[in-house]
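Undergrad: Sequence order for the protein chains is A and B. Here the numbering used here is used: position 116 in the first sequence is 116, and no number is missing along the way. Here the numbering used here is used: position 79 in the second sequence is 79, and no number is missing along the way.
Be a bit skeptical, because a hint or two may be false.
Claimed, not checked - Pairwise CB distance ranges, derived in the manner of DEER restraints:
id: 1; chain 1: B; residue 1: 654; chain 2: A; residue 2: 84; range: 30 to 40 Å
id: 2; chain 1: A; residue 1: 52; chain 2: B; residue 2: 782; range: 43 to 53 Å
id: 3; chain 1: A; residue 1: 10; chain 2: B; residue 2: 28; range: 26 to 36 Å
id: 4; chain 1: A; residue 1: 258; chain 2: B; residue 2: 656; range: 15 to 25 Å
id: 5; chain 1: B; residue 1: 654; chain 2: A; residue 2: 281; range: 18 to 28 Å
id: 6; chain 1: A; residue 1: 12; chain 2: B; residue 2: 58; range: 46 to 56 Å
id: 7; chain 1: B; residue 1: 628; chain 2: A; residue 2: 102; range: 51 to 61 Å
Quick caveat, the hints were computed from the structure, so don't treat them as lab data. Here the structure is a predicted model, which is why all the values come from computation and not from measurement. Where a beta carbon is used, it is the ideal one built from N, C-alpha and C, also for glycine.
Given next are the chains, with one letter for each unit.
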Amino acid sequence: MMLGAFQYERPASLDEALRQAAAVPGARWLAGGMSLLPLMKMELADPPALVDLAGVADLVGVQEDGGALRVGAMTRHAELAEHPLVARHAPLLAAAASQVGDPQVRHRGTIGGSLAHADPAADLPAAVLALDATIEVASPRGRREIPAKDFFLGPLMTALEPDDVIVAVVVPQRGAHRQAYHKRPHPASGYAVVGIAASVLREADRVASAAIAVTGVASHAFRARRAEELLTGQVMTDALLAEVASVVASGQEVWGDLYASADYRRHLAGLTTRQVLERLWDDR
Amino acid sequence: MSTDGGAAHAAPLMGQSVPRREDARLLTGHGHYTADVNRPGQLYAVMLRSPHAHARLRAVRTDAARQVPGVAAIYTGAQLAGRIAPIPTAWIPPGSELALTDHPALADTTVRYVGDGVAMVVAESLAAARQARALIDVDYEPLGAVTSVAEAMDPDAPRVHEGVAGNVALHWRAGSDPAAVERALQDAEVRVRETIRQQRLIPNPMEPRAAVAEFDAADEALTLWVTSQNPHIHRLLVAGVLGLAEHRVRIIAQDVGGGFGSKIACYPDEVLVAFAARDLGRPVKWVEDRREHFTATTHGRDHVDEVVLAGRRDGTLTALAVRTQANLGAYLSTAAPGVPTILFGLIANGPYDIPVAATEVYGVYTHTTPVDAYRGAGRPEATFLIERLVDRFAHEIGMDPVEVRRKNLVRADRFPYTNAFGITYDSGRYEEALDRALEHLDVGAFRREQADAARQGRLVGLGVSTYVEMCGLGPSEVAGAVGFQGGLWEHALVRVLPTGKVMVMTGISPHGQGEETTFAQVVADRLGCAMQDIEVLHGDTQLVSMGWGTYGSRSTAVGGGALSVALDRVVDKARKIAAHVLEADVADVALEAGRFAVRGVPDRAVSFADVAQKAHLAWSLPEGVEPGLEAEASYNPSNFTYPFGTHLAVVEVDPDTGETTLQRYLAVDDCGPRINPMIVDGQVRGGIVQGIGQALWEGAAYDAQGQLLTGSLMDYALPKARWLPPIETDFTETPAPHNPLGVKGVGETGTIAATPTIVNAVMDALGSLGIHHLDMPLTPERVWRAIQDARAAAPLGAAGAGEGGGMRS
Ligand SMILES: Cc1cc2nc3c(=O)[nH]c(=O)nc-3n(C[C@H](O)[C@H](O)[C@H](O)COP(=O)(O)OP(=O)(O)OC[C@H]3O[C@@H](n4cnc5c(N)ncnc54)[C@H](O)[C@@H]3O)c2cc1C
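Here chain B stands alone, though its shape is the one from the complex (with noise of 0.2 Å):
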């Protein structure tokens, strides 16, 4: 199977499309999900949750379901208040005012959105624990719902919590002086003001979500398998939850099927799962259904956000201002509090030096599933408003929009840049992206065929977005500056065994991302050896001594930094054997190509698996050093990376239906050095697809009661191959000075990006109608009837012909 490198090789790995080492198990069927977990005498677990969005809970009755045979307990929030803590909140950023709240893991007297846990049925059977279900009967007293943040706010509406005054969460703001931004605004010369909504997206990855828990009672040890980005996190908060002790905590989440954000959080549902393996002391297996995840699993985005962007007729952008309202639902999920602040509203600004700028975030209760991170977290929500904002300050000052963005890029020169968040970019060639971009699509060429097409009573759109991103999450001191409950840290173990073979530990946790095969590039390359010979591990609390897991573009930047870290550390230590192997100054050995030799002299050299089984046998090692050939490293990354990059699309409109058609999509990332071209292209192309998606597709629909209109996949559309125009993706490599790869992070950037492309492009085709902003999704019916109010509203014959768009080159 393997086709990833023979023996020990000269040309580095390190660049190379390496065909992905995972795939071959995951493709046959043979990866290793929390579903895939059977032990021995488990039960099995199912949720009744609630169909009302608020509701009191009178009664909860089990007599009749306690009945079906087979059943072994069944759970309700009344009997578990005060034997599971409260569900946590691991992010409180500083001076946000946080309105924290008691999450139970179970409804107690109360349920807040559809979908929140009111009692949990384990049985010896799917079947039994199904039917149990069934028979629970719930007296409901409902209550009235709040769903958008808008009612939420309003002084007399229902509360989510008691005692929570209009439902605000968190109340955060970052940036200049509030009156010297209401001063820059004012003295501007041209001011354009949009009010954007960021609707609210379901994550919906492959692999629903899952839990295993066995308890052994007598070493009061918890093992539980679960669909988690981030096991170690796991481990402290199931831990912490249960009042068990955390090195009596086993977390495994071997093979995880995508996660895009939403297994981060820590879940009543493992937490539910884990208790009852302990009360009855048998296994537990709980398997999320698709339909469940829609409503039980967090959600993301979800905005409004009012924006004022000034500048002056000459393209400088002068002054930027955010308002924002995001709605978090019922709870406060694990990292939610940070994302519509800290990973937003630091970097509103995006990629262009705008001297004064400042955000303002009311985070709210509502009666609906709890937000929380989202492919992208923070940022994409941030990237779609400047680049919406810049189009039309572009249109406003009668200015091309790609002219507009080179005016006001970060120039090169200008690293490390700090932004007017106190935020520092690492460093960046914002330009050289956007020229290359603009090498594979002639602008000038695409405004004649616009304004062919125009004449035709055709609509054609270009779409630009130029976007920065600050990802590799992150440095620790700056974690806790901001509130995040935990370091940011990463941590790998590089063991070389007595053959030479090599493990590798690490405290990232891929789901879905590859870095089972990047990181075995990186280790070939330092050690000379065969990626066959090196096995990257990861998942499991007992094996990797400790990581902070997969999100935030993190994993190759924070994880891969320590790994370089650890091999620099084996390398040191095998250097030293080597020379007393050779009998030479340590200075003047070298290792090449999997062998120490000594300089000049070529053939004075021992092989790399010969150092590693004279460390083990330890019949000679030099003075000082110890037997065995292994390093750890914990690396705390100075700062943040900050990807960057152009992406343009081209789209048709047709006038008739509303129906918008993908033409082309161009992207241009930097993301520093590629360790596999291959990996970064398939995360970048992932990544568009899914911001795509935002843009004209998905959609979560809440009505006023607080159902869920979108509860499944027959009316929540996700992106269809067949829709998509073939992507382009070229690179520009700009390393981050700071991290040992000088790599940055690509796994969210295409959402980042994708989105704000393609409603650019929209608008462009829809520029010359006079349309100028739409709510995303833009689905065939919302773009046609703006186009049907333009045409009412311009004078006969006036519309659809002239100028293609606001655009002039």
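Next comes chain A alone, as it looks inside the complex (with noise of 0.2 Å):
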């Protein structure tokens, strides 16, 4: 497998990048090239130019902004995995991005990249979900902000305009609550079957707050809305968990595929928010 002919340029700030790709219409972004490349190799893209992020210097780094952390969009997934104030302030996107992929993948493919390439069984989406996180995006228009809950919006699918450029996910502190990722991977692919995000605030035996993300299950990443519900202010008790995983994937869509159908993934969804919420609640 090769790749056609195509225009390359490294930019070293946004805005050069934001200029270089509006000089060429259907110019995308490189980031990691994990997702991208592979579809160019694949002839299911063929883009006439691609703009290197790797030199834009605003694009990366890991900060303490206010009450938030601020990831740099360039940001690796092998970085996010070992950062320690991802590990502090954001835990559960630390778990997520160790869970991606293998080692080369995970020095390669960024968040950014991850996020815009918005596969359905990715688990960074979990992640930014459950974390109601904000995704600040740059675009020869300006700058603006785009919630995570309204960010993606199908398979392959978010809100980017093509000449937006992720800056950055801005991430809030959650120090309190306590946060986990889990997955089931794909034995052949290693993406999500089911991937869930939770971050539970626990008051006494009460739960004060909790969000629940869900990936690998339907078109895009999702909030567990109902089950959020179910838990907020209630003592937590295994009838609770019960009802809790019987409505995880409620309102969705469930896709099916060979390796596992819309039920059994259905299942899968409830037992591991199950259990990834057992084991929060026992935590300490």
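Assembling the complex is the task here: the two chains are given apart, and the hints tell you how they should meet.
TA: Take a look at the structure:
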């Protein structure tokens, strides 16, 4: 497999990047290349130009910013998985990043690329959803912020315009929350058959608040709102967990494939949610 | 780099785990694979493959594609008709009513599977070739497709080939008289019956296929570098298909990155590339890509089997009947007809003494990728059936599966043992291997743990498989009798140079099995020279006189046999020269540790290297002895070899997800003496992992239209190291009495034994729920569903508790 010819740009700044992309209709951003290059090799994408974001300083780095964590779009999964600030303020993001693909993929792939690509079975979309993150975007028209909950629209479909570039992901710090990401990988692809990201605030024996995001199950990652409502303010019991498990995918058009049918996926989503919540609840 | 022995040595190297000498080159990127071959002025070929499983080609328009700069030629089936002979089938089992059909190198009027070749583009660059391919405009008229044997055999089903009724490619029977089988089954106290599907597998060696062809017009000579397990067979077939003289065709397959059977066949691709090189007068290179491999390279297995096993309540097996429908795909690949017949049907009784047994096989054409040999080829399928049925039988009569096996294993004093299909097992101590395995795993203790686990709602299981396989293919007379269109003997040439260095030319074609090392060990011991003074050469028909290649675990058994005989001849001649030098009687001179010495007078000696020099100088040779020191041998084995063993596995099934976790895997194998225990161990482990792959993860699937749903490594799950338990291996050693080295072959045993071992273990874990058979692969969902169904069917509270599995001991 090989690629056809294309123009290649490697800008040093965001402005330059936006200019270069605007100059060639159909140009695509290149981040880690872990999703885009396979598409091109399989002749499913044929962009006339790639604008490589690797040299754009504005897109790198993880910083504390007020009450939030600001993660540059070009942050690689491996860095996310190991960064002390991420571990402290958003451990579920680190956990999700650590379960992406294999070491090679984690050292190339980026959070910006993963969110922009919006694979329905990718890990990071569930993480940013559960964390109520905000996606910072720039375009020739200026900057704007998109809440994670409004970002994912369908398989490989997001709220981004073609000339939008993700600059950073801003994650509210939730040190007091218990967080976890649990993934059941597909044996061939390694992507999530079911991935559950959960962030729970416990007060005594009650759930003060809960955020649960699900990936791998439907056309895009989603928040399990019904399950969250059931949990909020309640005393944690087995009966509650069973009820929560039964509604994790409710309202979703659950999909199936050769490896896991829709029924089985729904079952796994409930089971996994339950297991994640049990584990979080019993922690310490 | 060389860790493999310095000067002439006294201690035998056979039996030592000498590190593989090929690894330094292979692991540092210095291998010479076909894709590494680049010839001056070479062109690049790509294939346009059918996206339809079955369609008529109304038109293949190449005008626009030809306009792409750099395109040298575009070939279509219509253009090639009559210029390239059909791709041959080289195994025609007698009595199989084989419905041979034409397999054109490129489809001329009809495409018959997704991946069938429609056109070949040859261009100055790969990019140009691909660009042009995208511009070929094919007008397909899609037709109805059949992908399963059940559909294909329906009288109203679409036909893969005109004139082949019911799509039946072959119908073959073996074993006891059908009436006798019927009677034995009727009369039996106990019968168990099962329909078993053995799913289609996709080989996926690390290296995909490739071919580079160069044609010398002046000499009418073709050189073809090709990923081949059997260069001489390729020479024969490629010459035949292209109408070239065999002596003007040179096949080179130097390093080959695995094959698992998928590089035995002669494919359209290498023939097309060779044709284009001749037609265009320039070298042409083609390299398969991974996605192409999924549809364009032969697949393996794909059976539906109806099996009945009968016996007495005391555990004695009395009769076996196997009725198989084997999916052969759209065309009969090179060895395909022999795989579900000869290599499967003659050993259906496994290691058990079953007096009455028969197999009946329908081989069926479907609109799918052709199916051919895949590691084990027929024998894994046979072993899976008998091993599953023995477990079912044990459950039925309430006896421990281990005991049923013990009771029926062919006893050590019965060898040579002729089974109900008329083949003769050479030697075996089956019970010893079983006992050895049980020394490592205390079944009684396991049963107690299993019962404890069951009380906690956990499902753990133990799987057993005792197996025998027929390998070391094989006696050429038998090859002829079973319709294999070739010999199965092997050739070796041992050439000792004036300095005493040794070159070995072998007709086998190792592609990962390590015979460069093992063969050198054999030579080093026999001649007493150092490993580094020995070169083992293979994979080039210009270099090696003749050979039939590497498959069927034959390389060390048959190729090693030839080597051994050739070495005897070299030593004989050298001994004569040594006796002459030492002025002693030939009978009094013996070779030991690299020196010929007069018996009883150890200091009257001459080194092997000195003898080699004298042989070449020829200044003074004994009467009638020719100058030089080399010998060749063609070894035609008198029988197959029959390795055997016992494998055990412990698994746990998560009832909530259906997921199987492997806890232990234990293999006791007997392949005769092990020349290099490390290499043998590696073969066993690799085979086991592949066998587990079939049990738990791998499986090709087609949709109703014949589209391959598992067409990439994103969908088709190959085993991953982190899913595997540590594999424990042990060995017993029963020599093959008829083999010069006593060796039996070990390339396929793991694959053959592991699949039923794992499935038996999972079924043991699920036995308490009343689940006794599930189709492979045992994916979590399939197992989970079975558990759900069993629980729904069982009276409340009954399922899950009670005795763990059907086994008690
Ligand atoms: C073998 C393998 C296994 C994998 N396994 C997993 C897995 O288990 N889980 C998982 O979640 N993912 C997995 N991935 C995908 C991986 O996470 C990718 O890194 C990710 O999907 C894309 O990130 P990237 O940086 O490589 O983006 P690229 O491939 O460079 O780009 C992807 C898309 O995003 C666009 N893009 C990139 N950056 C930006 C930006 N800043 N703003 C706007 N658009 C942008 C590109 O134009 C392109 O359309 C796997 C990939 C491979 C090759």
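Undergrad: Next, verify each hint and record whether it holds.
TA: For each hint, the structure was consulted:
1. B:654 x A:84: 30 to 40 Å: Given a distance of about 35 Å, which is inside 30 to 40 Å, the answer is holds.
2. A:52 x B:782: 43 to 53 Å: Once the Cβ atoms are compared, 44 Å apart, the range 43 to 53 Å for residue 782 of chain B and residue 52 of chain A holds.
3. A:10 x B:28: 26 to 36 Å: At roughly 32 Å between Cβ atoms, residue 28 of chain B and residue 10 of chain A fall inside 26 to 36 Å, so the hint holds.
4. A:258 x B:656: 15 to 25 Å: At 21 Å between Cβs, range holds.
5. B:654 x A:281: 18 to 28 Å: holds (21 Å)
6. A:12 x B:58: 46 to 56 Å: holds (54 Å)
7. B:628 x A:102: 51 to 61 Å: Taking Cβ atoms as reference, residue 628 of chain B and residue 102 of chain A lie about 55 Å apart, which means the hint holds.
Hint violations for this structure: none, all hints satisfied.
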